[in-house]
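J.: Please model the entire structure based on the sequences and the hints provided.
Using UniProt numbering, the first residue of the sequence shown is number 1, and each one after it goes up by one.
Calculated directly from the structure, the hints in this document are not laboratory data. There may be inaccurate statements among the hints.
[Said to hold, decoys possible] Simulated restraints on C-beta separations:
id : residue 1 : residue 2 : range
1  : G212      : G27       : 49 to 55 Å
2  : T261      : A213      : 33 to 39 Å
3  : A8        : G157      : 44 to 50 Å
4  : R67       : D272      : 42 to 48 Å
[Claimed, not checked] Calculated cross-link-like contacts (lysine-lysine; reagent style DSS-like; alpha-carbon spacing at most 30 Å):
id : residue 1 : residue 2
5  : K196      : K4
6  : K196      : K158
7  : K158      : K276
8  : K4        : K158
Owing to the predicted nature of the structure, the values given are computational and were not obtained by experimental measurement. Glycine residues also receive a C-beta, built at the ideal position from the N, C-alpha and C atoms.
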Amino acid sequence: MFMKSTIAVNTAEGTVTLPLQQGLHDGATVWYVVTESSNRDDAQRRGVNYSPKLVNALGTAAVQSARRIGSQLAFSGTVDFSPTRVVVPGPTAFPPTTVHAGAVGDADYSPLVSADGRTVINATQVANASGLHDAIVDINFDRRQVTLDTLNGFYEGKRVQYLHQEASVELVAALEGSTWAPNLDAAPGLASFDRKSSARAAIIPIVNGPQGANNPQRQGLQSAVAGQGDPLNITQVVPGDNDYSPVWDVTPAVWTEAAITAGQRVRLTDHDDVAKLFSDGLLVSAGGGPANASLDGLRALPGISNCPVVVELG
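T.: This is the structure we're talking about:
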């Protein structure tokens, strides 16, 4: 478990319970959770993930401004939680024929927030008068606790569980059950892992991995949209590394027909394996963005998914 502020983790159910914090937007109450800080001391004090790369997003639309009013943060942007999430599977499940995000950030909203122009925190709004975030399993305003759904994924062969909070592209937001927050796409570092200039790290969805709800090799977006389980994406880094960022640069990959025919399609659990298979021509890019040199040229979508890593399992 990476965040010391975490109240409870249920790895079997795929949920995490976090402290619920009260803030303001235009004088009205909003509720939010904090999962990362770009400042080491602040991260330790809060008991959240340290992510120094977030500071690289300062000065862009990816970071919304806030100010302190007493003990509360007053945000410049907020979320409309009233829409109904819609995902209609396509002929091969993914891509879907119709998607609508279940929550939409306004023109000023981003989960990345700075109140002093120096430190950036990841402060996802999860509730306000318009409704609740789609990832909420349970919320207790009196006890100031919220239980959120997580997704399973992999890092270097180990299973991880991470939150699904916002995405900069409506397709991704609808698939995840997260808030559509277009401003996130202004975070610098598209297809870059450079800690000096990028606020991002890569997450790799496999589009057409093996299917079957009971198949131990199951993985992929087609499988997930078909209702077989989580997509089991692969992350490039986890908390504890100075390169970590929850601002995931979505970098999808597709198995080639040749690889499938040859029986080489398997579940992938390590970003280095993805890079090698891409170099060998067994995987190709599904994204149309720039090539990511740290993944041997696999292309970014482009699009961002804000997915803080909660726990790494064996």
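J.: Are the Cα atoms of K158 and K276 separated by 30 Å or less?
T.: Roughly 18 Å separates the two Cα atoms, so the pair holds.
J.: Would you check the hint for K196 and K4, treating anything up to 30 Å between C-alpha atoms as holding?
T.: Cα-Cα ~27 Å, so holds.
J.: Is the hinted pair K196 and K158 satisfied, with a Cα-Cα distance of at most 30 Å?
T.: Roughly 27 Å separates the two Cα atoms, so the pair holds.
J.: Could you check the hint for me, namely that A8 and G157 are 44 to 50 Å apart, CB to CB?
T.: violated (26 Å)
J.: For the pair R67 and D272, does the Cβ-Cβ distance stay inside 42 to 48 Å?
T.: holds (43 Å)
J.: Using the Cβ atoms, figure out if T261 sits within 33 to 39 Å of A213.
T.: Since T261 and A213 have Cβ atoms about 24 Å apart, the given range 33 to 39 Å is violated.
J.: With a cut-off of 30 Å on the C-alpha distance, tell me whether K4 and K158 pass.
T.: holds (21 Å)
J.: For the hint 49 to 55 Å, verify it against the beta carbon of G212 and that of G27.
T.: holds (52 Å)
Consistency with the previously given hints fails for numbers 2, 3, ordered from lowest to highest.
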